[in-house]
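**Student:** When you get a sec, could you build the whole thing from the sequences and use the hints?
Residue numbers (the working numbering), protein chains in the order written: chain A, 1 to 325; chain B, 1 to 364.
It is worth saying that the hints were derived from the structure and are not from the lab. Take the hints with a grain of salt, since some may be wrong.
[As the list claims (entries may be wrong)] Here are the simulated PhoX-like cross-link-like pairs (lysine-lysine), alpha carbons at most 25 angstroms apart as the crow flies:
no., chain 1, residue 1, chain 2, residue 2
1, B, K207, A, K51
2, A, K47, B, K207
3, B, K57, A, K303
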Amino acid sequence: MALITYREAIKQALDEEIQRDENVCIMGEEVAQYNGAYKVTEGLWAKHGDKRVIDTPISEAAFSGLAIGASALGVRPVIEMMFMSFSYVAIDQLFNNASFCRYMSGGLMNIPIVVRGPANGGTNVGATHSHTPENMVANHPGLKVVCPSNAYDAKGLMKAAIRDDDPVFVMENTLLYGEKWEVPEEEYIVELGVANVLKEGEDMTIVSHGRCAMLSLQAAKTLEEKHGISVEVVDLRSIRPLDEETILNSVKKTGRVLLVEENKPYCGVDAQISHIIQLKAFDYLDGPIHRVSSIDAPQIYAKPLEDWQIPNEERIIEGALKTMA
Amino acid sequence: MATPKKKSASKSAKSIDFAAAPINQQLSKEEKIDLYRTIIGIRRFEERSLRAYNQGKIGGFLHLYIGQEAVATGIVSLMEKDDHIITAYRDHGHALAVGMSMNECMAEMYGKYTGCSKGKGGSMHFFAPDKNYWGGHGIVAGQTPLGAGLAFALKYKGLKGCALAFLGDGAVNQGSFMETLNLASLWNIPVIFVIENNGYSMGTSLKRSSAEENLAHRADGFDMEWEVCNGHDVYEVREVANRAMKRAREESKPFLLEIRTYRYRGHSVADANHEKYRTKEEIEEYKRTKDPVNVIRQKLIDEGVMTEAEAKKIDQEKKDEAEASAKFAEESPYAPRSEIQTDVYSEVDNDTEGKLKGTYFFND
Ligand SMILES: Cc1ncc(C[n+]2csc(CCOP(=O)(O)OP(=O)(O)O)c2C)c(N)n1
Ligand SMILES: [Mg+2]
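**Tutor:** Here's what the structure looks like:
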């Protein structure tokens, strides 16, 4: 096992997939000659050249649609959104064309593209650059979406996404790019639709995804040490498809649930999870399901306020204590 | 094929004395000194903000306007009562030019409650509607249809004004901008699109991002007038922009103005690579021959409008003002947490009698 960053893990996945399949190419703003705004694609252009690693103008709608069209003929483009926030100027391409072409063609067409890039707040850049649209993506049948919380998952999910025959969004996180985890040297895949129990516990379940899963894990340790509460932490990894079974098994074991995500609460991913739990494990619940989401407002710029707006350990612990009350 | 509406002014720029243009001739001595004051003010303010950023007092992104100051200064100096302005994230220069104070701008970058947006918008999102300044927008080209909308409203309301929508050379490749060009021309909207062509969009040179490097030529495809000029001489900017603005106000016609300029710093301060995609010589050459601060300072001294000593004094005043703004920002408080959820809905903020129906916010 090598200790590598989340950024390096994604780069390895891209590099390996480019080598494995001649149809895989990367496209986006500053991905080639500049080595990526966040250096995720560093060195790939030098190694694989203009055909496989392609700089685009600032034309998200055009290159997203172009990727969809190219994928119809077997090219497998991985498009980088410098920030997932910028995919909003390409919504028609991604949320109409990528998600519905297969359906509207009666299954005659499929769209094997990957849309990747950071989707997070906490970086002091204000409302226009801090979106977490995994809930919006999941609200569009035909699209898939994953939110890796660590380097191992980032690499494994990226490879799965590239090999997938449907459009898959990979939501990364700029605050995780520099963090390190153990990643095996040999090839592996993390399948879509499989959650990961980060920590086992008895008293309550925290369901989370992305960076919030890591914060929840930290909070779980504090809850155990300081409050004597044994917390099980389920990291969804994949939002759609969703591993209902792992969620429900954990809930049935603990009877109490806290949902933690960086999304804004209204129609966030956790709204769906909450529904599933009450529908399929109602009799196992010992109390209402609680949530910790971002405070319901556009992202504030001021750093200390933003740090309070998005979930943090303090707010998760507060939520957990409410859940146990 | 459409014939080009206007020829580029840049080729003949050397031979034209823009100081002699009527719009510049009519400036009083004090107004001329004000142009210098604004340009040097922007420079000193941003240099101070850079220091604050490097000290970790300002976070996020910091897109400096250093090198481009004469563009916003020249155009804003032509604004009349019913003229409006909107720009992208490289917005500090425009903000100071319209008369926003260094204090409120610096405090906003620090994220403080005393900032122009209470610390909610940050460096990329300055607003001052009382000064006809409508932002400060973070999404590339997203402001351009809004600019057309400002102009649409002027026409709708029968006001004699124009709207100025600034964008970068990379932003021209957004669909929203091209759609807006067509609408503006089709509907005869009095908007001037000002492309501040600094040669680069982040690390991508113009050559690598636009198939037709003469960006203003795009106007031809929309039957819109265009012109190209240089951005280092505030007199030149004023001469060219004045004609476009006058025409917009008087004939309600849009205009595409491409201004050739240059940014000295990286795309944002985080862009440490900026000497990799361009040469040090390229940067130094521009600074040496076309620095907008030096150009106007020298012209005013040569004209006998101000002395070297007076120029120095103004420079020092602006340094002091910038320094004071950093102190002001430093000493200002952050907004209380309760402010996170204000300014989201106008109706909620103004619901003093509690008459609104329905739930507006959804945290547990
Ligand atoms: C839709 C969108 N895509 C990408 C970005 C990231 N981005 C911000 S500025 C920029 C470069 C813009 O260059 P240009 O238009 O030339 O303006 P300049 O920065 O030179 O003033 C990019 C790619 C963004 N903010 N919005
Ligand atoms: Mg530019």
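**Student:** All hints are to be evaluated individually against the structure, with a verdict given for each.
**Tutor:** Hints, one by one, checked against the model:
Straight-line distance between C-alpha atoms of K207(B) and K51(A) comes to about 18 angstroms, which keeps the hinted pair within the 25 angstroms bound. Between K47(A) and K207(B) the alpha-carbon distance is near 23 angstroms, which keeps this suggested pair within the 25 angstroms criterion. Of the pairs offered as hints, the one joining K57(B) and K303(A) holds, with about 10 angstroms between alpha carbons and a cut-off of 25 angstroms not exceeded.
Consistency note: the structure conflicts with none of the earlier hints.
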